[in-house]
Amino acid sequence: MSLFGLLGTGRNGMASAQAATQVTSHNTTNASTPGYTRRTARLEPVLGPPEPGAGSRMVGSRRVLDTFVERRMLGALSARGEGAARAESLAAFDVVFGDSSSDVGAALDALRSAFGDLASSPADPTAREVVLARARGVTDAFRSASDQLTWAREDANARIGGEVDAVNERLRRIADLGREIGKAEIAGREASDLRDMRDQLVREVAERVPVQTIEHENGGVSLLLSGSASLVSADGEVSELVARRTGDDVTIEISMSGAPTDARAFLDGGRIGGLLDARDGALAEARTALDTLAVDVANAYSDAHAAGFGLDGVGGRDFFARPAAVDGAARALALAAGLDRDTLAASADPAELPGDNRVALSLAGVSNALVADGGTRTLSDAYASLVGRAATSVSEANLRRDAADAAVDQVDALRQSVSGVSVDEEMVDLVRYQRGYQAALKIVQTADEMLGELMNLKR
Amino acid sequence: MRVSDKRTYDRHRDELTKLRSRFVAAQDRASSGRRVLAPSDDPVATSLALKERSRAANAGDHARTIDRGRDRLDAADGALGGVADVLRRAQELAVQASSDTMSADERAGIAAEIREIRASVLASANEEVGGRRLFGGHVDDAPPFDATGAYLGGAAAPELEVAPGRRVAVGLPGDQIFSGPTDVFAVLDDLATALETNDEAGVRAGVEGTRSAHAQVVDARSALGARSDALETASAVVERLEVRALEAQDELVGVDVAEAYLELERARSAYAAAVQIAAQLPGPSLVDR
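Residue numbers (our numbering), protein chains in the order written: chain D, 1 to 459; chain R, 1 to 289.
Treat each hint with caution, since some may be false.
[To be verified] Cβ-Cβ distance ranges computed for the label pairs, FRET-style:
| no. | chain 1 | residue 1 | chain 2 | residue 2 | range |
| --- | --- | --- | --- | --- | --- |
| 1 | R | Arg266 | D | Ala406 | 19 to 27 Å |
| 2 | D | Thr261 | R | Arg266 | 51 to 59 Å |
| 3 | R | Asp288 | D | Leu414 | 24 to 32 Å |
Just so you know, these hints were derived from the structure itself, not from any lab.
Idealized CB from N, CA, C, for every residue including glycine.
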């Protein structure tokens, strides 16, 4: 090998050390970047002839990652998204049923109390007014609880719509990035940053809907919803999710082999899965339970009231307007038309007016009678059990969220231990490459000196 | 295991967040006196506490009802006390007037007093409290007795629920006190008439009549007294029920003060320790060389 070749070797060494320093710097400065995967410089010897070769060169950098961990991460993220969205959505229960001053149970207690006073003074105009006011308190409490549950449902629907948009936007960018990666990697170099961006987007999609990925040779990636419906195909074709308002709720469709198909069966995870589960599960159940209780309240009080006679001697009147249907009964609960101070019944016998309080007594006893849930429990017990069930669903959702968080944390620990940047490591590498650069410089210097000495030989 | 910097910082951040929220929750518990801040903190306790709240309110209602019932029974007792007194006086007058030494004029004078007694008994029998006749039974908006002493009121006195499943009639319909078996007004009428007509046999019958009228009113008073006793018993029962329900409610969702302060202290020191450690980040590093 010639002395000039030695100069070339030194130059190669300086170049590769400089390029490797660039990789280390990139790692160091991205130590906190979400989704960043640490890189290693791929250094290799420049092969001869002439022997022994012409130093080292960097042939690019490569991401350090464990595909098994990455795959587990997608599943864990779907579970976390589901858990978080469900818990956020059901947190509404703590507000609806947490206020103990104006809730349905307190309103029913107050109504019973007013009937008790009416029994003490059946003809007293004030006692009669108080009964009517307390009854309106009951209808207000039902309406307020029902409204808040409806808002929670609306909120879930709005969030589902927003998440569908977020998924679609990311799907398009994933497809675009797939094409860019294909172009950029033609030279055989890994487009690490583009891949990081793409993988981060895939994780963001996984947080919203359950997906599996299939990597392709050309740098593209296919995304499958729940392993069956294609979201992004191998050739970068995107099937967007379509959120559609049907009736009171938003439903989601996906195009499968050209035909729009209900995607509900595939959405068993991710934020969207969690929102659907909360909306169609615990929220819907609480709404129905509240409506059923409203029907029981209306019928029980009206039955007892219809047996009595108002101060005008007329009987057979309802107390609450009897709901036509269970659905929406809590929202619509109202006093019977025409019920006022005089038509309010306290007496069991028109001949015994106005001091007869037997019907007032039985009205006061309604809330302690087994009239709710098909005659199996009292009204206040039915309310307490409704609240208990709702609260259980919240605490269960919170537990599941915490478990899913812990699972993501665990996988993230694995992922970070493989792919995360350790600044200390990079500092060592920095010193290493700096030293390499100095050494390569020394080679050039030495070659130069050797050449100089050779030149001096002639004099 | 490799330790990445991001992971180190993330873990400290998460730990601080968790300990801080535990600290804040402990503060809330200690200051609010509630262990269960939201229903989801303890669904079972929340649900049971709602039932206890309802029970406590129910017991409170009963206590108020008992007060109302006591007022009515006391008023009725007071009225009958007055009636018993004047009937005793009528009996004394009848005994006096039945003496052989009484002149027709003296008897006529006593007759006037008997007429006054009858008027006062009628007024008591028609007494009203808060617009409601005490002795009218259910029909309590009009005088239960007319001027002739005929009963126009209801057949039964109103009952009140004074404890769960326990009803007590708070009063007596007037006819059971004044109309039968001894008709108090007829006794007094007959006595007055006998005195005015100087009918000695009639006056002697009046002695017996006023005695049994008096006994009848006293019996009615003791019947009312028994109902008052029933109210007192019920009062003790509902008071106990209320206390028990409130205690149960507090036990379910309330805070154990000592435990709350202990937890607050624990949470505070855990948080303080985590802050201390986080303040020492990033720790020794090659970067500083």
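The hints, checked one at a time:
no., hint, in the structure
1, R/Arg266 / D/Ala406: 19 to 27 Å, "holds, 22 Å"
2, D/Thr261 / R/Arg266: 51 to 59 Å, "holds, 54 Å"
3, R/Asp288 / D/Leu414: 24 to 32 Å, "holds, 29 Å"
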